[in-house]
Amino acid sequence: MTETIELALKTLEAQLNQPLETALEACARCGLCAEACHYYRAEPKVEHIPAYRSEQLRNVYRYEHDFLSRVFPAWTGAKKLDEVTLANLSEMAYSQCTLCRRCTVNCPLGVDTPLMMRAIRAMATATGNAPEILVMLADAAIEKGKDPSFYKDMFLEQIREMEEQLRDITGDPNASIPVEKQGTKILYVPLAGAHTILPPAVVFNAAKEDWTLSIFEAANYGVFLADVNRAKAVAKRIVDEANRLGVKEIVIAECGHAYASYRWDVPNWFAGQFDFKVRSLIEVLAEYIRDGKIKVDPTAIPEGVTYHDSCNLARNGGLIEEPRYVLNKITTDFREMTPNKAEAICCGGGGGLVALAEYTERRLAAGKPKADQIKKTGARVVVAACENCRLQIGDLNEHYNLNVRITALTDLVVRAMRLPKPLPGTEAEHLFEGEGALVEK
Amino acid sequence: MTDKPALSLDFKGLLCPMPVVKIAMAMKQVKVGQTVEAVATDPGVMADIPAWARTSGNELVELEKREKDIRFVVKRAK
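Sequence order for the protein chains is H and R.
Going by this note's numbering, 116 is the number at position 3 of the first sequence; the sequence numbering is gapless.
Going by this note's numbering, 181 is the number at position 43 of the second sequence; the sequence numbering is gapless.
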């Protein structure tokens with residue numbers, strides 16, 4: 114056995130807890146998961162059936178854990194792990210599963226195929242078989258946490274420029290973007306880039322919220338690598354910042370995996386150091402509108418609008434009614450996709466896929482069911498509250514000629530706030546001209 | 139000012155993490171010692187590109203914020 118294979122098996126063993134062992138033992142081979150998977154819906158072949166994918170890991174697990182399988186592997190399909198099998202498993206786990214968990218909720222036994230794909234991803238990461246770019250992005254984020262001084266001055270300079278823009282578009286000379294302010298109620302964690310800072314800043318200022326901006330970004334590529342050490346190191350930056358500032362709540366930008374991670378994983382990873390409420394920005398938007406903290410024009414968006422449920426926000430996060438509440442307050446023609454909510458079909462961009470150029474063709478093919486759903490609604494505007502989903506739907510828009518505009522929920526809310534000037538650099542700016550008329554592409 | 143870059147790329151309009159993804163891919167297309175120049179509009183690159191350069195072992199030669207965009211030059215170091 115080579116060192117690589119030894120490490121891969123050791124990594125698998127380290128992950129064997131009750132949920133994973135149950136998933137590895139419980140499949141009834143009914144095949145109901147096939148139609149649940151967007152890969153299979155797009156290309157109905159056996160490799161795209163979640164149960165088939167899981168079976169590839171089960172074969173390795175059986176060889177290691179079942180006496181009969183070890184002695185007579187051909188009887189049970191057991192397979193001794195070798196370098197080629199490991200490479201094939203790794204490619205499958207990173208390119209043919211977005212960890213959306215639609216198969217899990219449609220499985221009569223609740224078999225968690227994504228949990229098995231995560232186990233393979235962890236084996237791949239430990240042995241250098243993970244996609245290099247995901248490792249690079251995770252390591253760059255950790256580096257930013259080690260020594261923020263190398264970019265902090267530039268960051269603060271940009272925030273001051275954004276603050277000028279904020280005052281200009283809101284007409285409020287006192288509007289501000291506080292950074293590292295002590296003792297605020299909310300620590301808002303954006304993604305990299307002004308598009309997830311300026312629109313929320315408009316909303317927080319209008320609601321007179323007690324908030325401060327994080328100097329870090331919410332995205333966590335360690336999660337996609339199923340590498341708990343890297344994922345914890347990325348998250349630690351924000352946990353430390355929240356503790357240092359003494360905030361009460363962490364609000365995560367419109368980002369599916371970041372929300373799921375901070376809502377469900379991080380409190381466990383940092384038990385004892387994590388005494389914060391975690392909310393997604395979309396929950397905050399719903400609260401502000403419900404409580405009258407921000408005023409929105411219910412007729413602001415007259416065009417047909419549909420909403421894409423991010424798997425991490427809806428199916429895995431339970432944020433189903435909040436975005437719909439917001440959209441029903443600012444649109445006059447909201448159209449649901451079918452199926453939707455907890456049964457929503459994945460767009461195909463999750464699990465880190467949008468960052469992996471080598472799998473672009475596969476990703477676009479797997480996105481066809483989502484493209485068909487969007488087309489069927491006839492909507493001209495697609496709202497997605499997750500950056501990866503927006504990037505993927507943007508690519509689907511071009512690939513399948515959908516002729517839609519894709520926007521974040523916050524951008525649309527800001528549009529409905531009827532500010533003196535439009536938000537610069539967002540889709541919402543291009544979306545409308547004058548009083549809500551859609552501009553043709 | 140650096141030598142003429144081996145590649146000049148336009149990342150305008152690309153949002154995080156695409157500028158990092160694209161520059162990492164571009165570095166594989168040039169030889170050690172050669173440089174890649176890129177122009178982006180996402181302010182996130184001001185933090186992400188220096189961090190990526192540090193961890194990937196490439197050298198960030200220039201990073202300048204201009205009126206409407208951000209220009210950076212990276213040298214392939216290994």
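One or more of the hints may lead you astray.
Pair ranges (Cβ atoms, derived) [to be verified]: (1) R:Leu-145 x H:Val-184: 51 to 61 angstroms; (2) R:Gly-171 x H:Arg-403: 57 to 67 angstroms; (3) R:Leu-198 x H:Pro-537: 50 to 60 angstroms; (4) R:Gly-195 x H:Asp-378: 21 to 31 angstroms; (5) R:Lys-150 x H:Lys-408: 47 to 57 angstroms; (6) R:Asp-141 x H:Arg-357: 40 to 50 angstroms; (7) R:Gly-195 x H:Leu-269: 49 to 59 angstroms; (8) H:Ile-433 x R:Asp-141: 47 to 57 angstroms; (9) H:Glu-204 x R:Gln-172: 53 to 63 angstroms; (10) R:Leu-198 x H:Pro-291: 44 to 54 angstroms; (11) R:Leu-198 x H:Val-184: 35 to 45 angstroms; (12) H:Tyr-513 x R:Met-163: 52 to 62 angstroms.
For the record, the hints were derived by calculation from the structure and aren't laboratory data.
Cβ coordinates follow ideal geometry from the N, Cα and C atoms, glycine included.
Checked hints:
no.: 1; hint: R:Leu-145 x H:Val-184: 51 to 61 angstroms; in the structure: holds (56 angstroms)
no.: 2; hint: R:Gly-171 x H:Arg-403: 57 to 67 angstroms; in the structure: holds (59 angstroms)
no.: 3; hint: R:Leu-198 x H:Pro-537: 50 to 60 angstroms; in the structure: violated (27 angstroms)
no.: 4; hint: R:Gly-195 x H:Asp-378: 21 to 31 angstroms; in the structure: holds (30 angstroms)
no.: 5; hint: R:Lys-150 x H:Lys-408: 47 to 57 angstroms; in the structure: violated (35 angstroms)
no.: 6; hint: R:Asp-141 x H:Arg-357: 40 to 50 angstroms; in the structure: holds (43 angstroms)
no.: 7; hint: R:Gly-195 x H:Leu-269: 49 to 59 angstroms; in the structure: violated (28 angstroms)
no.: 8; hint: H:Ile-433 x R:Asp-141: 47 to 57 angstroms; in the structure: holds (55 angstroms)
no.: 9; hint: H:Glu-204 x R:Gln-172: 53 to 63 angstroms; in the structure: violated (30 angstroms)
no.: 10; hint: R:Leu-198 x H:Pro-291: 44 to 54 angstroms; in the structure: violated (29 angstroms)
no.: 11; hint: R:Leu-198 x H:Val-184: 35 to 45 angstroms; in the structure: violated (57 angstroms)
no.: 12; hint: H:Tyr-513 x R:Met-163: 52 to 62 angstroms; in the structure: violated (25 angstroms)
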